[in-house]
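Whole structure, please, built from the sequences with the hints as guidance.
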Amino acid sequence: MATVIVVTSGKGGVGKTTTSASFATGLAQRGYRTAVIDFDVGLRNLDLIMGCERRVVYDFINVINNEANLNQALIRDKRVENLYILPASQTRDKEALTKEGVEKILNELKQSFDYIVCDSPAGIERGALMSLYFADEALVVTNPEVSSVRDSDRILGILASRSRRAEQGDEPVKEHLVLARYAPERADRGDMLGVDDVLEILGISLLGVIPESPTVLQSSNAGVPVILEEGSDAGAAYSDLVDRFLGKNLPHRFLVTQKKGFLKRLFGGN
Amino acid sequence: MGIFDYFRSPPSKSAALAKERLQIIVAHERGNRRSSPDYLPVLKKELLEVVRKYVPIDQSQIKVHLDREGDCEVLELNITLPDEEQRLSQR
Ligand SMILES: Nc1ncnc2c1ncn2[C@@H]1O[C@H](COP(=O)(O)OP(=O)(O)OP(=O)(O)O)[C@@H](O)[C@H]1O
Ligand SMILES: [Mg+2]
Numbered sequence: 001m002a003t004v005i006v007v008t009s010g011k012g013g014v015g016k017t018t019t020s021a022s023f024a025t026g027l028a029q030r031g032y033r034t035a036v037i038d039f040d041v042g043l044r045n046l047d048l049i050m051g052c053e054r055r056v057v058y059d060f061i062n063v064i065n066n067e068a069n070l071n072q073a074l075i076r077d078k079r080v081e082n083l084y085i086l087p088a089s090q091t092r093d094k095e096a097l098t099k100e101g102v103e104k105i106l107n108e109l110k111q112s113f114d115y116i117v118c119d120s121p122a123g124i125e126r127g128a129l130m131s132l133y134f135a136d137e138a139l140v141v142t143n144p145e146v147s148s149v150r151d152s153d154r155i156l157g158i159l160a161s162r163s164r165r166a167e168q169g170d171e172p173v174k175e176h177l178v179l180a181r182y183a184p185e186r187a188d189r190g191d192m193l194g195v196d197d198v199l200e201i202l203g204i205s206l207l208g209v210i211p212e213s214p215t216v217l218q219s220s221n222a223g224v225p226v227i228l229e230e231g232s233d234a235g236a237a238y239s240d241l242v243d244r245f246l247g248k249n250l251p252h253r254f255l256v257t258q259k260k261g262f263l264k265r266l267f268g269g270n
Numbered sequence: 001m002g003i004f005d006y007f008r009s010p011p012s013k014s015a016a017l018a019k020e021r022l023q024i025i026v027a028h029e030r031g032n033r034r035s036s037p038d039y040l041p042v043l044k045k046e047l048l049e050v051v052r053k054y055v056p057i058d059q060s061q062i063k064v065h066l067d068r069e070g071d072c073e074v075l076e077l078n079i080t081l082p083d084e085e086q087r088l089s090q091r
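Protein chains in written order, with this note's numbering: chain V, 1 to 270; chain B, 1 to 91.
No incorrect hints appear here.
A short, non-exhaustive set of chain V residues, derived as facing chain B with CB atoms under 7 Å:
no., residue
1, Ala166
2, Asp191
3, Asp197
Covered by chain V, per the in silico footprint, the following chain B stretches (three or more residues, Cβ under 8 Å):
no., region
4, 14–28
5, 39–48
List of simulated lysine-lysine pairs, PhoX-like, C-alpha gap at most 25 Å:
no., chain 1, residue 1, chain 2, residue 2
6, V, Lys174, B, Lys44
7, B, Lys45, V, Lys99
8, V, Lys11, B, Lys19
9, V, Lys174, B, Lys45
10, B, Lys63, V, Lys99
11, B, Lys44, V, Lys99
Everything labelled a hint here was simulated from the structure, so no lab data went into it. In this text, a Cβ means the ideal position worked out from N, Cα and C, and glycines have one as well.
Put into structure tokens, the structure is as follows:
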């Protein structure tokens with residue numbers, strides 16, 4: 001049975017698309033058939049981050065409207081086997097994203113995929129609500145910063161009340177915290193919320209801490225999910241995150257103490 | 001002065017203040033959220049099951065709504081029963 005995972009946050013620009021791309025890539029690298037869907041209708045970006053923007057012919061909305069079939073719209077990743085991307089429409093408006101349409105596509109994908117990753121747009125409007133409605137699990141991407149944490153809490157409330165699982169009284173959506181753009185040295189100085197602070201406020205389990213890293217921008221420039229950048233701290237953090245998601249019990253790296261040594265080695269310390 | 005110089009001096013209580021403010025606002029907002037509590041969907045489902053033991057109705061015929069005014073909470077329950085003939089014909 002396929003698992004649907006939404007990558008969500010409420011607040012914009014916190015790292016949802018970066019996380020969706022690396023998470024889906026990591027699952028596929030480990031042998032699971034994985035599809036990653038861009039729900040950001042009108043502002044698609046996942047194709048750029050995955051480096052397949054020039055191969056987009058049909059999109060999610062075309063499939064919903066029966067203008068193309070799923071196989072025509074799915075883009076097969078050239079680097080990683082088992083990985084497929086379903087791009088968002090750049091031209092339609094969000095109203096095209098109907099619950100029935102999304103359900104139809106997810107049901108069809110579930111026939112042949114193990115994991116379906118839904119990259120949510122920012123906000124709490126239609127696109128965001130549709131991306132989380134059918135979710136079995138949620139990666140809540142949060143930055144250690146007041147507005148992001150507050151918005152994440154808001155999203156947790158929506159997952160608990162407006163997802164299909166909530167509406168049908170099924171077991172609730174399983175929630176995982178992804179703390180992104182973490183800068184341990186700033187948390188140490190008391191300038192930035194620490195991992196423990198965010199965990200205490202949100203009260204959900206921590207799946208991974210992704211350090212603030214220049215490699216993320218570089219890999220997005222190149223259209224390569226950062227998890228494929230071997231030797232990079234953010235890539236390693238995403239790799240650990242995927243392993244943890246699949247049940248491995250790995251200690252969190254890139255937190256306060258270890259990170260310092262690691263950063264020093266990486267940048268010669270300053 | 002670069003942004004990092006600004007943060008470097010003196011050791012700050014900035015994060016502690018952020019945490020305190022967040023704890024207050026999040027607790028407050030979670031309180032408000034209870035005006036549409038998480039248990040409502042399940043309550044609705046279970047009610048539907050109970051009523052169905054006696055009268056055939058479907059999901060759309062049952063409406064559950066919680067209203068809050070100050071300290072007072074009102075749980076409003078609205079069940080539309082089918083017509084008499086329909087009921088008899090389904091017996
Ligand atoms: N760990 C990180 N370190 C440094 N920069 C990062 C990190 N994660 C994300 N970024 C940067 O933050 C910006 C926003 O990232 P991304 O597009 O993944 O966010 P998003 O949540 O999908 O945004 P939107 O809400 O607009 O969809 C990008 O420029 C990205 O390179
Ligand atoms: Mg995005």
